[in-house]
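**Student:** Residue strings, one per chain:
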Amino acid sequence: MECFGPLEVGYEYDTITRQQIQAGPSSMWRYEALLPVAPGAHARAGLHPGLTRLVRADNLAAALGARTVWVKDDSGNPTHSFKDRVVAVALENARRLGYQTIACASTGNLANAVAAAAARAGLASVVFVPSNLEAGKIVTTAVYGGTLVAIEGTYDDVNRLCTEVAACRDWGFVNVNLRPYYAEGSKTMGYEIAEQLGWRLPDAVIAPVASGSLLTKVDKAFREFTSLGLVDPHPTAVYGAQATGCSPVSRAFREGQDFVTPVKPDTIAKSLAIGNPADGPFALDVVRRTEGAIEDVSDAEVVEGIRLLARTEGIFAETAGGVVVATYRKLLREGLIDPRAEVVLLNTGDGLKTLDAVQPSCGPTLTVTPSFDAFQAAFAGIAADGASA
Amino acid sequence: MSATVRIPTILRTYTQGSTEVTVEAGTLQEAIADLDRQYPGIGARVLDEAGALRRFVNVYVNDDDVRFLDGLQTSLADGAAISIIPAVAGG
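Quick note, the sequences are listed as chains H and P, same order. Mapping to our numbering: the first sequence position 111 is 491, numbers consecutive. Mapping to our numbering: the second sequence position 70 is 103, numbers consecutive.
Hints are not guaranteed to be accurate.
Just so you have them, the derived chain H footprint on chain P, three or more residues with Cβ under 8 Å [stated by the list, open to error]:
(1) 41-52
(2) 55-63
(3) 81-92
(4) 113-124
Cβ pair distances, simulated, as ranges [to be verified]:
(5) T37/P with F639/H: 22 to 30 Å
(6) T37/P with R720/H: 42 to 50 Å
(7) P560/H with G74/P: 19 to 27 Å
(8) G104/P with A680/H: 50 to 58 Å
Treat the hints as calculated values from the structure; they're not laboratory data. Model, not experiment: these values are computed from the prediction. We put the CB at the ideal spot given by N, CA and C, even for glycine.
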C-alpha cells in the first residue's frame with residue numbers, strides 16, 4: 381500500500397465451481413461470491429446489469445487482416461454502458477453503510493448509471509458532470525430525476541470538487557468514498573469474457589483507458605479465475621487505448637515512466653477525458669507485466685473506428701469503443717500485436733450517447749423529392765458509384 | 034507571506050482535526066516544510082523519500098494543479114490557498 385494510494389480489496393475464497401456460477405442469475409450477480417457484496421444481491425432492488433453479449437467479429441477481423449476478434453458489447457447494459465456494473469457493487473455497499481444519497485463525478489456514462497440505479501433503489505442521487513458534456517448524456521441523466529450539477533470545468537475539476545464535497549457531506553460518492561467497492565464491479569466484465577469463451581482466456585484484450593481502473597480489474601478477473609481453477613492458465617496480454625487528446629497513460633508507457641503526468645484533455649472521446657487518472661500507474665504495471673502496450677489515436681481515427689465497427693458488425697459504439705477499435709488497427713499496423721492472436725475488444729458504451737461525434741460524417745446518402753422518377757434518377761447516380769442496385 | 038493549507042480528512046489526525054492551517058512561506062516547498070514544522074510527520078505523507086510530491090496526491094494553489102505550475106517551486110502570493118487532495122478518485 382502506498383500513501384494516498386487506492387485501497388485494493390483482497391479475498392479469501394472458498395471453492396467456487398463453474399456449475400455454481402452457471403446456476404446463478406443471468407446477470408453479473410452470478411459472480412456474487414467473487415465480489416464485495418452480501419449474498420442475495422440479485423433479489424434486492426437494482427438494475428442487475430451484466431451478462432452482455434460477446435460477439436464474434438469475423439467481418440471486422442477480415443477488414444483488419446486479423447484472425448479471431450471478439451467484441452464484448454457492454455452497450456447492452458440497462459443504461460447502455462459498463463458503468464452499471466460498478467454502480468451495482470457501490471450501491472450494494474451504500475445501502476449497507478446506510479447512505480440515503482449516492483453521488484458521483486462523471487464524464488457521462490457513470491452519471492446515467494448512478495441516477496438510474498438510485499431511482500430504482502429509492503435513494504436520492506447527486507451527480508456532478510462537466511458542463512460541456514454531450515447533450516445526449518445530460519438528457520439521459522436528468523430524466524431519472526436526481527440532482528444533476530453541471531460544473532464549468534473539466535472532469536478533473538469536477539473530480540477534485542467531489543473529493544472535497546465528499547469530506548463534508550454524508551453522501552456515498554461511488555467513485556470517491558465507495559471507490560474500492562465500485563472498482564471491483566469492473567471485474568465482472570473479465571469474468572464474463574472467460575465464461576463466454578467457454579471457460580478459457582483470450583490471447584489479448586484491449587481496454588479503453590480513462591482512470592485506468594477497468595483495465596486493471598479485467599486483468600484481476602483473469603488472474604482470479606486462474607487461481608480458482610475455473611480456467612486453465614493462459615497468458616493474456618492487456619492493451620490500453622486512449623485518445624491522443626487525452627493520453628497521459630499512453631505517453632507514460634511510451635516514455636518508460638511508472639508515474640503519469642497529468643494533461644488537460646482535448647478530445648471528442650469525452651468519456652475517456654480524464655487528464656489525471658487515479659489508476660494510471662497500476663494500468664502501466666499491468667500492461668508491462670502482461671507484455672501488452674498502450675497506444676493512442678486521433679479524433680479522426682476514433683470516428684473511423686466507430687464507423688468501421690458499425691459497418692462491419694452492426695455495433696454502434698460510443699467514442700470509447702471507437703478508440704479501442706482504432707487502437708487495435710494501429711497496434712496491428714505497428715506490429716505491436718500479432719494478427720493471429722485471439723483478441724477481445726471492450727466496447728464500454730452505446731453510440732447513441734455520443735451522436736455529436738459522428739453526426740458530421742453520417743447522414744443521408746440521398747435526399748430526394750417524393751417522386752418515383754426523382755428517386756430513380758438520383759439512385760442511378762449513386763449506383764454508378766458502386767452502391768447496390 | 035502567509036498562506037492557508039486545506040487539510041484533507043485523512044491527514045487531520047496530524048492537525049488535531051483542524052481543516053485549515055496557516056503557514057509562512059514563499060513557495061509551496063516552504064509551505065510544506067512549515068506545515069511539517071507545526072505538525073511533525075505530515076510532510077512525509079505528502080512528499081516521498083526523495084522530497085518529491087507523492088504520485089497519489091494532488092496539490093492545488095488557488096485552484097490550479099501545481100503540476101501545471103512550477104511544482105514544489107510554485108510561488109505563493111500573500112493569502113494563497115493551498116489544497117492537498119488524495120488522487121484516488123474518479124473514473
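**Student:** All hints are to be evaluated individually against the structure, with a verdict given for each.
**Tutor:** Going down the list of hints, with the structure as the test:
no., hint, in the structure
1, 41-52, "holds (count 3)"
2, 55-63, "violated (count 0)"
3, 81-92, "holds (count 5)"
4, 113-124, "holds (count 8)"
5, T37/P with F639/H: 22 to 30 Å, "holds (28 Å)"
6, T37/P with R720/H: 42 to 50 Å, "violated (60 Å)"
7, P560/H with G74/P: 19 to 27 Å, "holds (25 Å)"
8, G104/P with A680/H: 50 to 58 Å, "violated (34 Å)"
When the structure is compared with the earlier hints, violations turn up for hints 2, 6 and 8 and for no others.
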